[in-house]
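> So the chains spell out like this:
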Amino acid sequence: MSGVTNSVDVRLVTTAFDPAREIAQFTAAHPAAGGVVSFTGQVREDSQAGGVEALELRHYGPLTLPEMEKLAATVLGRWDLEGLLVIHRSGTMQPGEPIVLVAGASRHRRDAFAAVDFAMDHLKSESWFWKREKVGGRWRWIEPRHEDFEDIRRWQ
Amino acid sequence: MSGVTNSVDVRLVTTAFDPAREIAQFTAAHPAAGGVVSFTGQVREDSQAGGVEALELRHYGPLTLPEMEKLAATVLGRWDLEGLLVIHRSGTMQPGEPIVLVAGASRHRRDAFAAVDFAMDHLKSESWFWKREKVGGRWRWIEPRHEDFEDIRRWQ
Amino acid sequence: MALKLVFLGRLEDAAGEAERKVPLVATIEEVFAGLEPELVAALRADRVKLAVNGVLVRDLDAPVLRDGDELAFLPPVSGGAV
Amino acid sequence: MALKLVFLGRLEDAAGEAERKVPLVATIEEVFAGLEPELVAALRADRVKLAVNGVLVRDLDAPVLRDGDELAFLPPVSGGAV
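Protein chains in written order, with our numbering: chain A, 1 to 156; chain B, 1001 to 1156; chain C, 2001 to 2082; chain D, 3001 to 3082.
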């Protein structure tokens, strides 16, 4: 169960952010946590031909951030965390740019690992983002993958 | 199975290090990885009386780093990683100072989550560090905990 | 007296635009009656969801539309390769 | 002609020092014979391991000691509260 001192910070951002700086600030803000787990997702750089040249994430204002906030509340209720940070990009990104950062701080590391893992699985498969990739100069929309639903089923 | 391009960086350090900077450099060094998972362990700041005033980790030169390197090799053989970073402090630390950083970069995030989680469980319970804490002005050695063996058993 | 339609993801390609104003009608069926048949087929596809003013609607027949309502058509969200 | 003993963790408190030079003898038993009984009890305790020149030794009787050998006594490693 979550204590009274935990904090949650959920952001939907439309410009580049610096995951290392965010992790440093988050860690410093939770001195009572023994451990911080973070996941950073970035646009892959593919050296081979056929790689992604750019990625665009679209969101829907009335739904996307409110649902991210609900997910964060679920995570805080399920694991004992000192703090939870969720930052998700929207807009057009280049290879190497960060897309998402989830960080959890907890007294015992098992909570932070599970919380960040769970949050990522649900952000990936349930949050309201539509993605298209530019490959060979042409944009194409990305459909859901079977694995995403399998990832989520682990938690049910 | 690990590919040919993956890299492993294992360090035993006796002075303070900056986890955020290490994570940033590690992430930048693995552009083909879609995701980076990191765990940072720090000396807890305890606002209550009876908190830890300082922590000392001792290692044994001929064993500690070689065994950390063996653990890293095991992790690389078990999950498909682009890179693995393990930094562990030795010496005397103050509350708020980082003790350990493990980061894994992978194409698919499940590998990085499992690899970092496994590495932490084994670093905590099997690596050659002896720890003492200063509480109320007195140093006392810390004994192994039952939970550490349980953490490890999950992977067997 | 108008409605605003919002097309997310691949539905934007089907509509040829991200948003469209249409005259106010009372039901979704009447909205569909005024659109291109190919677009209607895409909007009616399995797993496309509808939100009216930011609230997900379970039954397409249920809502009674009002002036200024925003109807968002939401295809399945994209999976992640990471 | 000497051996170097290294006491890790709480064994350092039992020995009163982290390292100690002792005269060369051939076996661990003979090393123990030259130490304080309380220290020997601590070194013989369950789960204390021995490394000779950085290599873990399974059987205390096995090694034949040589000049300059380093004998490290390793109590169980500390758990982590994190």
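No lab work stands behind these hints, which were simulated from the structure alone.
From the three backbone atoms N, C-alpha and C, an ideal C-beta is built for every residue, glycine too.
Be aware that one or more of the hints could be misleading.
Computed beta-carbon distance windows for the label pairs [stated by the list, open to error]:
id, chain 1, residue 1, chain 2, residue 2, range
1, D, E3029, A, W155, 51 to 61 Å
2, B, I1152, A, T74, 37 to 47 Å
3, B, D1046, A, E143, 45 to 55 Å
4, A, T92, B, A1028, 31 to 41 Å
5, B, F1149, A, T74, 27 to 37 Å
6, D, E3019, B, P1144, 19 to 29 Å
7, A, P95, B, S1007, 16 to 26 Å
8, D, V3025, A, Q25, 26 to 36 Å
9, C, V2022, B, D1009, 29 to 39 Å
10, D, D3067, B, D1046, 34 to 44 Å
11, C, R2047, A, T74, 18 to 28 Å
12, C, L2035, B, W1155, 50 to 60 Å
Far from chain B by the CB rule (all over 10 Å, computed), these chain A residues [stated by the list, open to error]:
id, residue
13, D18
14, V37
15, F39
16, R58
17, L71
18, M120
19, E133
> Looking back at the numbered hints, which does the structure fail to meet, lowest number first?
When the structure is compared with the hints, numbers 2, 4, 8, 9, 10, 13, 14, 15 and 18 turn out to be violated.
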